[in-house]
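Peer 1: Sequence:
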Amino acid sequence: MRPSDLLRIGPTAFLLGMLVAVLLGSTAFHLVKHLARRRRVRRAARAHQAERAAALVLERAGYTVLGRQVRRVWSVLADGQEVRFDLIADYLVEAGGAAWVAEVKTGERALSLSHGPTRRQLLEYRQAFGVEGVLLVDAEAQRVRRIQFREPASRARAPRALLWLGLGVLLGFGLSRYWPGAAAWAR
Numbered sequence: 018m019r020p021s022d023l024l025r026i027g028p029t030a031f032l033l034g035m036l037v038a039v040l041l042g043s044t045a046f047h048l049v050k051h052l053a054r055r056r057r058v059r060r061a062a063r064a065h066q067a068e069r070a071a072a073l074v075l076e077r078a079g080y081t082v083l084g085r086q087v088r089r090v091w092s093v094l095a096d097g098q099e100v101r102f103d104l105i106a107d108y109l110v111e112a113g114g115a116a117w118v119a120e121v122k123t124g125e126r127a128l129s130l131s132h133g134p135t136r137r138q139l140l141e142y143r144q145a146f147g148v149e150g151v152l153l154v155d156a157e158a159q160r161v162r163r164i165q166f167r168e169p170a171s172r173a174r175a176p177r178a179l180l181w182l183g184l185g186v187l188l189g190f191g192l193s194r195y196w197p198g199a200a201a202w203a204r
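The sequence shown begins at 18 in this note's numbering and counts up by one.
The set of hints was computed from the structure by calculation and includes no laboratory data. Please note: incorrect hints may appear among the correct ones.
[Claimed, not checked] Here are the simulated distance ranges between beta carbons: (1) 35 <-> 131: 21 to 27 Å; (2) 98 <-> 76: 41 to 47 Å; (3) 167 <-> 79: 22 to 28 Å; (4) 115 <-> 194: 39 to 45 Å; (5) 137 <-> 69: 55 to 61 Å; (6) 77 <-> 43: 22 to 28 Å; (7) 70 <-> 105: 17 to 23 Å; (8) 70 <-> 111: 38 to 44 Å; (9) 167 <-> 111: 18 to 24 Å; (10) 111 <-> 40: 57 to 63 Å; (11) 34 <-> 130: 50 to 56 Å.
For glycine and all other residues, C-beta sits at the position ideal for the given N, C-alpha and C.
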């Protein structure tokens with residue numbers, strides 16, 4: 018092959034190389050897209066199957082299922098404006114007179130609370146549904162975790178303050194009624 022032959026074949030080889038690169042790139046793109054879709058479909062099927070099995074797991078754990086895929090409209094105030102949105106709980110259950118939201122999770126980290134978005138989701142459900150707490154259900158392992166949230170310290174003090182106020186009122190009433198000098202002192 019002579020250098021003059023390379024000049025003559027060069028543009029054709031370049032165009033052929035570009036065509037092969039585009040075809041390989043397009044094939045790789047569609048393959049990755051197909052595999053991602055396939056993963057999503059499998060994950061959704063697994064989650065759906067786990068959700069259906071969770072009812073039995075909850076009943077075996079002593080909970081009565083009140084509803085499945087229970088919707089609740091909830092809102093927050095953002096700069097004084099109400100922002101409304103729907104929440105959908107996998108299950109609403111009851112045990113011992115207390116209502117619980119049950120959230121079904123799958124996978125290795127299904128019942129792990131180290132994942133921040135899961136913790137926030139559970140807290141949101143607890144607030145929006147006004148329940149005792151939230152149950153994390155791993156239907157595959159047939160386990161239920163009972164999650165309850167502690168109230169902030171300022172809320173926890175309110176009942177104690179009311180108790181002291183009530184005791185003070187009772188003591189004041191008792192003193193005014195049975196202590197002879199209390200009536201004169203109160204004037």
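Peer 1: Could you run down the list of hints and mark each one as holding or not?
Peer 2: Outcome of the hint check:
1. At roughly 48 Å, the beta carbons of residue 35 and residue 131 sit outside the given window of 21 to 27 Å.
2. As the Cβ distance of residue 98 to residue 76 is approximately 42 Å, the hint placing it in 41 to 47 Å holds.
3. In this structure the supplied range 22 to 28 Å holds for residue 167 paired with residue 79, their Cβ-Cβ distance being about 24 Å.
4. Separation of residue 115 from residue 194 is about 41 Å and conforms to the stated range, judged on CB atoms against 39 to 45 Å.
5. As the Cβ distance of residue 137 to residue 69 is approximately 26 Å, the hint placing it in 55 to 61 Å is violated.
6. Here the CB-CB span from residue 77 to residue 43 is close to 51 Å, at odds with the stated 22 to 28 Å.
7. Distance hint check: the CB atoms of residue 70 and residue 105 are about 18 Å apart, consistent with the given range 17 to 23 Å.
8. At roughly 20 Å, the beta-carbon separation of residue 70 and residue 111 lies outside the given 38 to 44 Å, and the hint is violated.
9. With their beta carbons about 22 Å apart, residue 167 and residue 111 fall inside the hinted range of 18 to 24 Å.
10. In this structure the hint that residue 111 and residue 40 lie 57 to 63 Å apart at CB holds, the actual value being about 60 Å.
11. Range check, residue 34 to residue 130: about 53 Å between beta-carbon atoms, so the 50 to 56 Å window is met.
Going down the numbered hints, you'll see the structure goes against 1, 5, 6, 8, while the others check out.
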